[in-house]
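Undergrad: Under mature numbering (1 follows the signal peptide of the UniProt record, and there is no 0), read the sequence shown as residues -34 to -1, 1 to 506, first letter to last.
In case anyone wonders, no lab produced these hints; they're calculated from the structure.
One should not assume that every hint holds.
To be verified - Keeping only pairs whose Cα atoms sit at most 27 Å apart, straight-line, the calculated BS3-like set for lysine-lysine is: (1) K280 to K456; (2) K444 to K456; (3) K280 to K466; (4) K228 to K444; (5) K228 to K280; (6) K98 to K141; (7) K373 to K346; (8) K466 to K373; (9) K141 to K444; (10) K72 to K230; (11) K466 to K456; (12) K230 to K486; (13) K136 to K72; (14) K346 to K206; (15) K98 to K129; (16) K307 to K72; (17) K373 to K280.
Claimed, not checked - What follows is a set of in silico ranges between Cβ atoms, one per label pair, in the way DEER data are often shown: (18) S223 to A372: 35 to 45 Å; (19) K206 to P328: 48 to 58 Å; (20) I321 to A369: 24 to 34 Å.
The C-beta atom is built at its ideal place from N, Cα and C for all residues, glycine as well.
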Amino acid sequence: MRLSFEVLFWEKIMKLKLLAATTAIALTGAVAQANTLVYCSEGSPEGFDPALYTAGTTFDASSHPIYNRLLEFETGTTNVVPGLAESVEASDDGLEYTFKLRQGVKFHSNDAFTPTRDFNADDVIFTFMRQKDENHPYHQVSGGTWEYFQGMGMPDLVESIEKIDDYTVKFTLSKPEAPFVANMAMDFASIVSAEYAAAMMEAGTPEKLNTAPIGTGPFSFVAYQKDAVIRYAANDAYWKDPAQVENLIFAITPDASVRYQKLKAGECHVMPYPNPADIQAMKDDPDINMLEQEGLNVGYLAYNTTMAPFDNPKVRKALNMAIDKQAIIDVVFQGSGQVAKNPIPPTMWGYNDAIVDDPYDPEAAKAMLEAEGVSDLSMKIWAMPVQRPYNPNARRMAELIQADFAKIGVGVEIVSYEWGEYLSRSKELNRDGAVLLGWTGDNGDPDNFLAVLLGCDGVEASNRAQWCHQPFEDLILKAKQSTDQAERTKLYEEAQVVFKEQAPWATIAHSVVYMPMSNKVQGYKVHPLGGHIFYGVSVE
C-alpha cells in the first residue's frame, strides 16, 4: 500500500497516484538587476550541510536553495509531496518504507567536481548512513553532530537502509513511527552526492561538502564571503521548472533597522524579522508588501536541569512564577505575540488548552525558593544574538527577566555569543545558566516539538534543558507508535501536563510571523515551517 502525501498519519494509508555557468554578482548602488533577487538575511549560516545543524538561518542558506529531499513540504503548507522520491510504499506493520526514486535528476557541479552520473540510490544510502554509522568515513567530518538525526532517535529507529536497485531504496525501522514520512521531508534529510563525497575524501578535503555544497536543488552555490554575502545561480538543469530569477543573493544584515533601510532603498527585495516597532510603518508604505501569518513557533527559556539548583522542579517553577510574561509581550513583541503556556503552539493539533499557566506572583516565587533552601542565587541568562519571530529582541527579553528575578533575590548575568558558538555551547551538558531559544515547527507534528526538544534522545543536542524525565518520555514514545491521531492527541495532551508540572522551560511566547518585501516581488509564500524559500519567486 502507498502513503497519501496529503495525510500524515497511517490510519489513512492508501495508494498514492503521483503527478507524475554562474556569474559573480556585485551589489552596486541601490537597484539590483532585474534578474536578481536580493534577500537581506539576518545572520550567517553555520555551514551548508543541513544535516549538521538545526538553525533556520542555516536551512535558509542551504537546504532550501541548494538541495532536495526524498519527500518535501509544499511551500506555504505542511502537506508532504513527492520530491526526489516519486512514491513511497509502507508495509502493513509500518516497519518498512520503500522509496521509488526519480530518474534523470542532475547534481550541480563546481570547480572541483563534475558529476559523472545522475542522482540514484547510492546518494540516499550515503546521506543517511553517514549520520547513523559511527564507523562511516564521513561520520565525524565537520564535527559530525547530526543533531536532528540524533535528537529524533533515528540511530535506533532506522535498523537498515537497503539498495534494492539503482532507483529503489528500502528503510527498515525497529518500531512503528507515525511521523516518519513527514520527518523525511525535513531539512536534515537533504540528499547529498555520494560521488562528490568520495571525490572530496580522496582529495583530502571532505569538509567541502559543508563549505562548497553540491545538491540537486533549484539554485547552485556560487560563493560565500563570511558574514557578508552568499551568491547562488539558477540551476538550469533543475528537474522541475527552473527558478524564475537567474541570481539569488543573501546580503547578510544582522541589524533589523539596517535591513529595513536597505529594503526602502531598493538594496534588497525581501527581509525577515522586522523590529515590532517598525511593522506599522511598513504596512503604511505603498512600496512595501507586508505578509503575515500566525507562527507555528514557541520562544522559551531552558534551564539546565542537570545542574543544581535547577535540577529541582520546584525551583524552576518558582523562577517561572517570577517572570512577567505579559510585560515581555508588551515590550519585546509590541502586540505581535501572545503568552505561551505550553511547549507547542496553539495552532497545532494536540495542543492542551486546559493547561493553566503559572501565575505571575513574585512573592509566592520568593517564598517557594526559601522553602527549597535556595538563597543568594546567581545565574546566567543566555541571550540570542539573532532575531526570530519567537524572540525579536533576546537582549531586551533577558534584561526584563533579569529585573524580574532581581525582585526575588536572584542575580542574573546576561551573556551572549556569536550564533554558531551560541548554538554549539548551549547544548553542552555542563552548560551554566538558562538559555533563551525557540523553535519553529519542521513538519506540523507535535512530535517535532515534544520529542525533539524535550525527549531523552535530544539531551546534549536539541534538548537544551538536558531534561530526560521518564513519565514524559513514555508518553511521547507511545504517541510516536500509534496510528490513531485521536490517541496521539490524548497522549500529547498528557505529556503537556507532565511538562507543566516539571517546568524544564519557562514558556514565553508564540508570535505572528511578518515578512516585509518590495512590491516588485511576486510569488513569495510565508511558509508555516519557518523557511524562507525563493524557488518560484520572481522580481518585476
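Undergrad: What hint numbers does the structure not satisfy?
TA: Of the numbered hints given earlier, those the structure breaks are 4, 5, 10, 14, 16, 18, listed in rising order.
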